[in-house]
Every structure is written in structure tokens, then in C-alpha cells.
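**Q** Residues per chain, in single letters:
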Amino acid sequence: MRSIVFYFQVHQPFRLRRYTFFDVGRSDAYFDDEANAQIVRRVADKCYRPMNELLLRAIEETDGAFRCAFSVSGTALEQMALWAPEALESFRRLAATGSVEFLAETSHHSLAALFDWDEFDLQVAAQVRRIEELCGKRPTTFRNTELVCSNEIARRAEQLGFRCILAEGADHVLGWRSPHRLYRPEGCERIKLLLRSYRLSDDVAFRFSNRGWDSWPLRSETFADWLRALPLGDDLVGLFMDYETFGEHQWVETGIFAFMARLPHEVLARGMRFETPAEVAARFDPLGRLDMPWPVSWADAERDLTAWLGNDMQKAAADVLWELGRDLRARGDAELLERWRKLTTSDHLYYMCTKWFSDGDVHKYFSPFRSPHDAYIAFMNVLDDLGRRVRGRERRATA
Amino acid sequence: MVGWEFPPHISGGLGTACQGISQGLAHHGVDITFVVPHRFGDEDTAPGVRLIDPGPPRRPVTSIADAPATGETPEESASAGFAPREARAASYETVAVAGDPSIANGEESPTVLGALRVLGIDSSLRPYLDAGGYAHMVDNPSEEETSSSTAPAAASYPGMPKSLRPYLRRHAAATAVENPEHAPPEVPPEVSGSLSDSDALVSTTPAPTSPRPLEPVSLGLTRDGRYARDLFAEVARFTLAVGELAMDEDFDLVHAHDWMTYPGAILAARRRGKPLVVHVHSCEYDRSGDGADRRIVEIEQAGLDAADRVVCVSHYTSGVVTSRYRVDPSKIRVVHNAVTQRDQVEELHLEKAIDEPIVLFLGRVTFQKGPDYFLQAAARVVREEPRVRFVLGGTGDMLPTMIEESARMRLQRHLSFTGFLSGIDVERMYALADIYVMPSVSEPFGIAPLEAMALDVPVIVSRQSGVAEILEHALKVDFWDVEEIANKILALLRQPALRRQLVEDGRGEVARMRWELRGQLLRDVYTEILGERAAT
Numbered sequence: 070m071r072s073i074v075f076y077f078q079v080h081q082p083f084r085l086r087r088y089t090f091f092d093v094g095r096s097d098a099y100f101d102d103e104a105n106a107q108i109v110r111r112v113a114d115k116c117y118r119p120m121n122e123l124l125l126r127a128i129e130e131t132d133g134a135f136r137c138a139f140s141v142s143g144t145a146l147e148q149m150a151l152w153a154p155e156a157l158e159s160f161r162r163l164a165a166t167g168s169v170e171f172l173a174e175t176s177h178h179s180l181a182a183l184f185d186w187d188e189f190d191l192q193v194a195a196q197v198r199r200i201e202e203l204c205g206k207r208p209t210t211f212r213n214t215e216l217v218c219s220n221e222i223a224r225r226a227e228q229l230g231f232r233c234i235l236a237e238g239a240d241h242v243l244g245w246r247s248p249h250r251l252y253r254p255e256g257c258e259r260i261k262l263l264l265r266s267y268r269l270s271d272d273v274a275f276r277f278s279n280r281g282w283d284s285w286p287l288r289s290e291t292f293a294d295w296l297r298a299l300p301l302g303d304d305l306v307g308l309f310m311d312y313e314t315f316g317e318h319q320w321v322e323t324g325i326f327a328f329m330a331r332l333p334h335e336v337l338a339r340g341m342r343f344e345t346p347a348e349v350a351a352r353f354d355p356l357g358r359l360d361m362p363w364p365v366s367w368a369d370a371e372r373d374l375t376a377w378l379g380n381d382m383q384k385a386a387a388d389v390l391w392e393l394g395r396d397l398r399a400r401g402d403a404e405l406l407e408r409w410r411k412l413t414t415s416d417h418l419y420y421m422c423t424k425w426f427s428d429g430d431v432h433k434y435f436s437p438f439r440s441p442h443d444a445y446i447a448f449m450n451v452l453d454d455l456g457r458r459v460r461g462r463e464r465r466a467t468a
Numbered sequence: 020m021v022g023w024e025f026p027p028h029i030s031g032g033l034g035t036a037c038q039g040i041s042q043g044l045a046h047h048g049v050d051i052t053f054v055v056p057h058r059f060g061d062e063d064t065a066p067g068v069r070l071i072d073p074g075p076p077r078r079p080v081t082s083i084a085d086a087p088a089t090g091e092t093p094e095e096s097a098s099a100g101f102a103p104r105e106a107r108a109a110s111y112e113t114v115a116v117a118g119d120p121s122i123a124n125g126e127e128s129p130t131v132l133g134a135l136r137v138l139g140i141d142s143s144l145r146p147y148l149d150a151g152g153y154a155h156m157v158d159n160p161s162e163e164e165t166s167s168s169t170a171p172a173a174a175s176y177p178g179m180p181k182s183l184r185p186y187l188r189r190h191a192a193a194t195a196v197e198n199p200e201h202a203p204p205e206v207p208p209e210v211s212g213s214l215s216d217s218d219a220l221v222s223t224t225p226a227p228t229s230p231r232p233l234e235p236v237s238l239g240l241t242r243d244g245r246y247a248r249d250l251f252a253e254v255a256r257f258t259l260a261v262g263e264l265a266m267d268e269d270f271d272l273v274h275a276h277d278w279m280t281y282p283g284a285i286l287a288a289r290r291r292g293k294p295l296v297v298h299v300h301s302c303e304y305d306r307s308g309d310g311a312d313r314r315i316v317e318i319e320q321a322g323l324d325a326a327d328r329v330v331c332v333s334h335y336t337s338g339v340v341t342s343r344y345r346v347d348p349s350k351i352r353v354v355h356n357a358v359t360q361r362d363q364v365e366e367l368h369l370e371k372a373i374d375e376p377i378v379l380f381l382g383r384v385t386f387q388k389g390p391d392y393f394l395q396a397a398a399r400v401v402r403e404e405p406r407v408r409f410v411l412g413g414t415g416d417m418l419p420t421m422i423e424e425s426a427r428m429r430l431q432r433h434l435s436f437t438g439f440l441s442g443i444d445v446e447r448m449y450a451l452a453d454i455y456v457m458p459s460v461s462e463p464f465g466i467a468p469l470e471a472m473a474l475d476v477p478v479i480v481s482r483q484s485g486v487a488e489i490l491e492h493a494l495k496v497d498f499w500d501v502e503e504i505a506n507k508i509l510a511l512l513r514q515p516a517l518r519r520q521l522v523e524d525g526r527g528e529v530a531r532m533r534w535e536l537r538g539q540l541l542r543d544v545y546t547e548i549l550g551e552r553a554a555t
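So the sequences go chain by chain: A and B. Just so we're aligned: the first sequence equals residues 70 to 468 in the numbering used here. Just so we're aligned: the second sequence equals residues 20 to 555 in the numbering used here.
These are computed hints drawn from the structure, not numbers from a lab. Warning: the hint list may mix true and false statements.
Below are the EDC-like pairs computed for lysine to aspartate or glutamate, each with C-alpha atoms no more than 16 Å apart in a straight line [as the list claims (entries may be wrong)]:
1) Lys384/A x Glu423/B
2) Lys350/B x Asp500/B
3) Lys371/B x Asp453/B
4) Lys384/A x Glu322/A
5) Lys424/A x Glu423/B
6) Lys424/A x Asp369/A
7) Lys206/A x Asp97/A
8) Lys371/B x Asp92/A
9) Lys424/A x Asp388/A
10) Lys371/B x Asp475/B
11) Lys371/B x Glu446/B
12) Lys384/A x Glu446/B
Simulated DEER-style distance windows between Cβ atoms [stated by the list, open to error]:
13) Leu229/A x Asp497/B: 53 to 63 Å
14) Arg406/B x Asp187/A: 27 to 37 Å
15) Gly256/A x Pro515/B: 55 to 65 Å
16) Glu375/B x Asp187/A: 22 to 32 Å
17) Pro405/B x Gly256/A: 39 to 49 Å
Just some of the chain A residues that point at chain B, by a computed CB distance under 8 Å [said to hold, decoys possible]:
18) Val93
19) Thr209
20) Asp381
21) Tyr445
22) Met449
The beta carbon of each residue, even a glycine, is placed where N, CA and C say it ideally should be.
Construct all of the structure, not just a fragment, from the sequences and the given hints.
**A** This is how it looks when you write it as C-alpha cells:
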């Protein structure tokens with residue numbers, strides 16, 4: 070029986086304000102609280118709360134047969150606690166149904182796995198605690214920021230005790246193989262690899278409202294037929310997407326909510342079932358090994374790291390950022406460390422992306438800055454200030 | 020005077036110079052009617068200038084400079100009888116009296132003898148625009164709210180040099196046909212023989228005995244009351260408005276500042292048979308090197324040819340004007356810029372929040388200003404002296420490249436960017452700096468180093484600048500010699516005695532560069548021309 074595995078990503082970064090050179094050494098107000106509060110409230114109203122209600126109803130109507138997974142970044146949890154507590158409450162209700170798995174990730178939606186393993190372990194541990202608090206269960210599945218995965222990252226997750234890790238089902242990794250099976254990353258002994266079926270996922274996440282698409286308008290019956298029609302042996306289908314697909318990227322007017330409300334029934338009516346990543350990982354054995362020597366992500370056409378580390382500005386910013394982190398941890402100033410961690414959120418580097426001509430418009434859409442250069446200026450000024458604070462406190466302590 | 024920016028909000032630029040020149044002239048008893056392109060509706064962007072009733076004009080020099088003037092509050096606008104844009108008969112309004120603050124406060128100042136009146140012409144022109152920049156501005160309503168695809172309603176342009184006509188005429192036809200009663204006004208051909216030159220007038224109309232006022236509706240704004248879409252169309256629109264305004268004003272000569280104002284000034288001078296002075300603050304070749312826009316060069320050429328006198332801001336510029344534009348050296352006069360004296364320098368010395376010394380570049384981040392040489396010098400300095408912070412301040416078309424280049428050069432720990440700075444932030448930036456560097460590739464004058472020196476900041480200036488001609492107490496370099504720029508920065512960082520010497524002596528040097536003195540020189544130029552006129 071074929072399993073459909075939905076996983077939704079919930080994330081909000083702490084966006085920076087336009088922090089200028091004159092603020093360096095003077096102001097510690099790095100983040101635009103007003104904009105951050107406004108955005109998380111808007112997304113809670115348009116997406117989190119209505120969609121959570123819809124999924125709760127689907128679980129009820131199917132007596133728990135509809136199942137899915139969430140990963141909610143620590144920064145998103147913190148913002149909801151601050152500014153949209155009713156959304157947090159509705160995630161708790163979802164967790165209480167027993168039909169929803171919450172995954173582990175890095176607490177600050179960071180790229181620590183590429184720069185600093187100690188920090189990676191710390192952020193994962195922090196997130197595991199947060200998820201336990203939210204749903205009472207210790208997560209056993211790991212998904213790294215932006216689905217960035219490699220042999221090495223999978224091995225680290227295995228060492229931390231995770232049984233399943235998610236990754237992009239990228240063509241250049243799979244070759245002729247199907248994304249609809251379970252694999253084992255090269256160099257790992259126990260952990261299982263669950264892949265994103267990017268074509269089917271993107272039919273919902275990106276193409277749903279595209280009137281130029283020959284399958285527009287997509288009906289839930291049609292989509293369920295597609296899932297049913299996959300070749301024999303394609304035992305599971307990973308449909309991974311941003312939760313904001315529902316109500317933010319695809320507006321309510323596109324019919325995305327009606328589509329999603331109907332889909333569980335159509336899937337079940339065609340003899341398929343829903344499972345969570347932990348459930349499929351327990352039930353299936355890996356078909357074979359998959360080699361990911363270089364990190365693969367779910368972003369842009371390249372499925373690589375160039376959205377965050379593609380240009381010189383991004384590399385320069387990352388250098389300064391991660392060097393500062395090692396200094397800070399050695400000194401153990403909890404307040405400054407938490408500020409720094411909010412800067413490790415990958416979105417800050419994403420805003421500096423200059424791939425204007427293919428995927429750049431997507432970057433631009435999400436950025437609070439008018440240009441990648443403005444994003445770089447503000448970010449570097451903040452790092453400059455934070456570095457000064459770190460050194461300043463040390464001087465005072467030794468004086 | 021046809022000029023720019025009252026009050027100036029781009030430091031070191033045309034606006035600052037125009038303000039200084041007006042104050043200097045007023046000091047010597049010259050009455051000035053200052054005509055500026057001015058965006059009505061932007062009034063809240065430049066505080067400090069209040070609208071006052073100018074009263075009846077005396078006999079001012081009509082000076083044409085280029086800079087948006089702004090400042091009155093909405094209530095004051097209303098009380099001064101600002102009509103809605105559609106209803107305004109004329110295309111200009113008195114926006115402010117600037118210059119000496121005591122004038123703006125409505126008090127007589129004993130030191131200022133001339134009267135200064137500012138008339139704003141509703142236009143989106145700004146200094147330093149090129150055709151691409153203008154198009155970007157009107158296409159991005161978030162930055163500049165108005166645009167229009169309609170060419171200005173227009174008249175023919177008798178009296179205009181032939182080389183300018185194509186730019187003006189292509190926006191002219193429509194209205195004349197649709198509104199025959201507003202057909203091209205008759206304009207007197209040039210009155211004085213001294214004005215005549217190769218661009219012979221083609222007007223077949225005999226000269227009327229007295230100038231006839233124009234129908235305001237046929238001039239000024241485009242038919243839908245908005246700004247033109249293309250830079251040259253907007254210049255044409257501005258030109259017509261200046262030409263119309265000239266018929267209502269009383270003046271002895273016209274003085275214009277940089278190319279966008281030249282056509283209007285020529286028209287004003289020709290219509291009233293008055294002499295023309297053009298003031299060269301920079302040329303297209305300075306701004307763009309060999310990538311110069313031919314259309315702009317032609318307008319500059321026409322202005323320089325039509326002028327009775329060409330005032331250059333430096334000998335350097337006078338050289339460019341004679342070699343590139345073949346202007347007769349006998350009609351060139353060099354009047355250097357000066358610096359507006361401040362009374363409260365102390366207040367600007369805010370507490371520095373950064374320990375290491377700051378080396379500052381501040382200006383438009385464009386080819387002309389040489390920001391790339393600043394970066395290269397910075398890279399050399401930090402190899403020797405890592406405890407230093409370079410700041411690249413300002414914005415411009417080269418900023419994105421500079422940011423990327425600095426990241427490529429791994430300068431991120433030593434270099435900060437500020438983006439656009441305005442008003443008080445410019446002064447704060449100078450006040451925070453320990454060294455100011457102006458590595459300009461081609462700088463007709465360059466007021467910025469003087470402003471830095473006035474705030475006790477030692478300066479390193481390019482020899483390819485006008486200001487280098489008159490500065491003694493500054494370190495001078497060739498802009499391309501980045502080793503030497505780095506060397507001098509390191510010297511200032513490591514030798515406090517050198518620094519102290521430059522600051523002490525520089526303070527006195529700048530204090531002697533007063534606009535009042537330049538005003539005297541300009542007044543002498545006026546007297547000379549008017550004397551020649553009287554003699555013929």
C-alpha cells in the first residue's frame with residue numbers, strides 16, 4: 070500500500086532593521102520587531118491558523134487516517150510565543166491528535182552544519198528540547214535547514230540518535246533511481262533517508278495557481294490519480310513544502326484550501342494511506358545506498374548552496390559570522406550568544422543573493438531589503454557592532 | 020541665476036556651491052532672482068527654508084542653476100496661494116528665500132546687501148542626472164512619484180542655437196497643432212550684436228518693440244500637468260518655463276550653472292537681450308570620461324559658445340573647457356569655490372563609538388569620484404595596519420560593484436558602507452572621520468575636502484581636482500597611484516605630529532576661503548560684461 074508523506078516547513082526569521090554605520094557601537098536594536106510581529110501575525114491569520122484548522126478537521130473526519138509532519142523552526146516558535154500565541158496553541162492541538170509528527174532541525178534555522186559542528190549539535194539539542202515541550206515527544210526524524218543534506222550531515226544526525234533524515238530528491242543525486250523509495254546515505258549504518266518528490270511537491274507548492282500550466286486548475290481528484298498512477302514499487306511519496314504555500318504563496322482565492330481539504334479523502338478512496346516520516350522509516354528497509362558527497366538543498370533550480378553562499382558578499386558575511394560565533398561560545402555570554410544565533414538564520418544570507426535572472430525574483434520577494442547590497446550593509450554593520458560588544462565585555466571583565 | 024537646490028541637501032555638490040555663490044554675491048550688493056527646478060509636493064524633504072513673500076522684484080541678476088528647492092510647510096503653501104497644479108496659470112512659484120538664515124526669518128541682516136529671491140519651476144530635474152538615471156527615476160514611482168509619457172506642450176524655439184533644436188523640437192509639435200491659438204509665440208531675435216554667433220537666428224518675425232508676454236498654458240508642464248518621461252524632454256520643458264519667466268522678470272544678466280540650465284538661460288538671455296554667464300562646475304567628460312553622452316556634450320557646447328563669459332571653478336576645469344570644447348580662453352574666468360563657514364563646529368564632534376581610526380570616502384559612488392582607487396588603497400593599508408576602519412559613504416551607480424569588489428578583496432572586516440547619506444548624517448560622518456580621502460579621477464573643484472577640513476579632519480586629495488590648486492595644507496596624490504594613497508594614509512595614522520600640523524594649518528586655510536571673496540570676483544565679472552555692453 071502506497072504511503073503519502075506530507076511534511077510542512079514553518080519558519081520565520083528575525084529580520085534586521087536598516088542598521089546603519091552610525092548605529093555601530095551605539096545601538097543594540099538589531100531586529101525590526103515591529104515588522105517581525107506584523108508578519109508573523111499576518112501569516113498566522115492567513116496560513117497557520119486556518120490551515121491548522123483544516124488539517125485538524127481532516128484528521129477528525131478520517132478518524133486519524135490523515136497523518137502528516139511539521140518542522141517548526143525555533144525562531145518561528147519564539148515569534149509565535151511573542152506575537153501570535155493563538156497560532157502556537159493551534160499547533161499544540163495538532164500535536165495532541167497523535168496523527169502529527171514534529172521533526173527536529175536546528176533551533177535557529179541555520180547553516181551550522183556547513184561551518185561549525187559544535188554549534189550544530191547545540192542548536193539541534195535546543196530544538197529537540199523545544200519540540201518536546203511543544204508536543205511531549207522526542208523527535209526521531211531530522212531535517213536540516215533548507216533541506217541541506219550530505220553524507221556527512223546524515224552521519225552527524227545518525228550520531229545524534231536520529232533514525233530518519235529528509236533530503237531533496239534531486240536528479241543529480243538520484244540519477245535513474247526513484248525518489249519514491251527509502252535509501253541509506255553513504256557512510257551511515259542506521260539512519261534512513263526519505264526524499265522529497267520534487268515534481269509532485271512543486272505541483273502543489275509552485276504550479277498550483279499558474280494559469281499557464283497545462284494542468285491548471287489542479288483538482289484534488291486529479292492529483293490523487295497522479296499519486297495512484299506511479300509505478301508499482303514506488304512505495305512512498307514525500308510531499309515536502311513550505312507551510313506558507315497555503316494562504317501566503319498561493320492565496321486563498323486560488324482554491325488551495327479547498328484542494329487540501331478534499332485531498333485526504335481522495336487519497337484514501339484510492340487505496341493509499343498517509344504516514345509520517347518516522348512511520349515509513351520504521352516500516353521500510355532502505356533499498357540501497359545514496360551518495361551525497363556535496364550538500365544538496367531544496368532551493369532554486371540548482372538544488373545547491375548558491376542561494377546562501379553563491380557570491381562573494383555571502384561568503385564574506387558567512388566568514389565573519391561564524392568566526393564570531395566561536396569567540397562568543399568560548400566566552401559564554403548567553404545574551405550576546407542568543408543575538409548571534411538569531412543572525413545565523415539562513416535567511417540573512419539569502420537576502421544577499423544576486424542570482425537575479427533565474428530565481429532572483431523569488432529572493433527579492435522574500436527580502437525586507439531593497440537590494441542584496443543593502444542587506445549586506447545592514448548585516449555587516451550588525452556583526453561589526455556585535456563583535457565590538459563581545460570584545461568590550463571581555464575588556465571590562467579583565468580590567 | 021538659474022541654478023540648483025535651495026537649500027542644498029547633497030553635500031559638496033552644485034547646491035552647496037550655488038548657495039555659497041548667491042550669498043557671496045548678495046554680500047556685494049547684487050540682487051538675485053534664483054530660478055531652480057523644484058518638485059512641488061516635495062516640500063517636506065528639506066527643512067529649514069520658509070516660504071516668504073518676496074515682494075516686488077528689484078533689478079536682480081537672473082541666475083539659472085540646477086537644484087530642487089524645497090522647504091515650506093503645507094499651511095504656508097496654502098496661505099501663499101499655491102493653486103492646485105492643474106489650475107496654476109504659471110509654471111513657477113516662489114518657493115523660498117534662502118541664503119542668510121536671517122533673511123528667511125524675515126529680518127534685515129546688516130551684512131547682506133543684495134536681495135535674494137528664489138523661484139521654483141515645477142520640474143523633476145536634479146543635479147547629476149544622466150539619461151538612464153532620469154528614466155529610472157520616472158519609471159520607479161516609489162522613488163519619484165510622477166511620470167508621464169506626454170511630451171511637453173511646446174513652442175518653437177527661436178533664439179536657440181541650432182545644435183539644441185533637435186532636443187527641444189521633437190517635443191513640440193502636438194500642442195501647436197491642437198491649440199492654434201497657442202501657436203509658437205513670437206520672440207524677439209537676439210538684440211545685441213555681441214551675442215550673435217554662428218548659430219544664426221532663423222526667426223523671420225521682425226523684432227517687436229517690446230517683449231510680448233507668453234501664454235502660460237503653452238509652456239511649462241506637459242499637457243497632463245506632469246513631468247516628461249525622458250531627461251531631454253524634461254530639460255526642454257524646464258527651458259520653456261525659464262524662457263517664459265524671463266519675460267516677467269527684471270534683470271541685467273543671466274548666470275547659469277551646468278548643462279541642464281544652459282538652454283533655459285540662453286533662451287532667457289536672448290529674449291531679453293541680456294548677457295549670459297555660464298558657470299562650469301563639471302563637464303560631461305569629468306562625469307563620464309570617454310563614455311560621455313554626446314547629447315549632453317552638445318548642450319554644454321552650445322552653452323559655452325553662447326556665453327559672454329565662462330566661469331570655471333578651477334584652472335583644471337578651464338583646461339578641460341579650452342581643450343575639449345575649444346572655448347576662447349579670453350572669455351574664461353576662474354573663480355574657485357569656497358566653504359560655508361560654520362559657527363558651531365564643536366557640536367558636530369559626537370562621541371566616537373568605534374575605537375579604531377576611520378578613513379572616509381564620501382561622495383557620489385561614480386566613476387568620476389574614484390571609489391575603486393579608495394578600495395585598492397584600503398587593501399594595501401590593512402596589510403600593514405589592521406586596526407583601521409575604512410568607510411565608503413554615499414551612493415551611486417558603482418556602489419553595487421564596490422560592495423561586491425570589497426567582498427572579493429576580503430575587506431569585510433575593515434570596510435563599512437553607509438549607502439545614501441543626507442543632511443545631518445553627512446556632517447556626522449565627516450565629524451567621525453580621522454582621515455578624508457578624495458581620490459577623484461576628474462574633479463572640477465571638489466568642495467568636500469574643505470568641509471572635512473573645516474571639521475578638523477586632515478585630507479588626502481587627488482591632484483586631478485580643482486581644489487588641489489588652492490589647497491596648501493592637504494596631502495596630494497595622483498588618483499591612480501594607490502601605493503602612494505596607502506602610504507599617505509599610513510603616514511597620517513602613524514605620525515600624530517603630521518596629523519596635528521595639517522589640522523591646525525588647514526583650519527586657518529579653510530577659514531580664509533570665504534564665499535564673500537568669491538562674490539567679489541563674480542561681481543567683477545558682471546561689471547566687466549555690463550561695461551562692455553554699455554560701451555557698444
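**Q** It remains to establish, for every hint, whether it holds in the given structure.
**A** Going down the list of hints, with the structure as the test:
For the hint pairing Lys384/A with Glu423/B, the CA-to-CA distance comes to about 11 Å; that is within 16 Å, so the pair holds. Of the pairs offered as hints, the one joining Lys350/B and Asp500/B is violated, with about 35 Å between alpha carbons and a cut-off of 16 Å exceeded. Proposed proximity of Lys371/B and Asp453/B is supported: the alpha carbons are some 11 Å apart, at most 16 Å. For the suggested pair Lys384/A and Glu322/A, the alpha carbons sit about 40 Å apart, so the restraint of at most 16 Å is broken.
Restraint check for Lys424/A and Glu423/B: satisfied, since their Cα atoms lie roughly 13 Å apart, inside the 16 Å limit. Between Lys424/A and Asp369/A the alpha-carbon distance is near 10 Å, which keeps this suggested pair within the 16 Å criterion. For a cut-off of 16 Å, the pair hint linking Lys206/A to Asp97/A is broken: about 37 Å separates their Cα positions. Taking the CA atoms of Lys371/B and Asp92/A, the gap is near 11 Å; set against the 16 Å cutoff, the hint holds.
Between Lys424/A and Asp388/A the alpha-carbon distance is near 20 Å, which puts this suggested pair outside the 16 Å criterion. About 15 Å separates the Cα atoms of Lys371/B and Asp475/B, which keeps this hinted pair within 16 Å; it holds. Among the hinted pairs, Lys371/B with Glu446/B is consistent with the structure: their alpha-carbon atoms are about 14 Å apart, no more than 16 Å. For the suggested pair Lys384/A and Glu446/B, the alpha carbons sit about 33 Å apart, so the restraint of at most 16 Å is broken.
The supplied range of 53 to 63 Å is met by Leu229/A and Asp497/B, whose beta-carbon atoms lie about 60 Å from each other. Range check, Arg406/B to Asp187/A: Cβ separation about 29 Å, and the 27 to 37 Å hint holds. For the pair Gly256/A and Pro515/B, the supplied restraint of 55 to 65 Å holds, since their beta-carbon distance comes to about 59 Å. Our hint of 22 to 32 Å for Glu375/B and Asp187/A holds, since their Cβ atoms are close to 30 Å apart.
Between Pro405/B and Gly256/A, the C-beta spacing of about 41 Å keeps the proposed range 39 to 49 Å intact. Taken as an interface hint, Val93/A checks out: its beta carbon lies about 6 Å from the nearest beta carbon of chain B, inside 8 Å. With a least beta-carbon distance of about 40 Å to chain B, the hint placing Thr209/A at the interface is violated under the 8 Å criterion. The criterion of a C-beta within 8 Å of any C-beta in chain B is met by Asp381/A, whose closest approach is roughly 4 Å, and the hint holds.
Checking Tyr445/A against chain B: minimum C-beta separation of about 6 Å stays under 8 Å; hint holds. For Met449/A, the shortest C-beta to C-beta distance to chain B is roughly 6 Å, which falls under 8 Å, so the interface hint holds.
Hint compliance for this structure: hints 2, 4, 7, 9, 12 and 19 are not met, and every other hint is.
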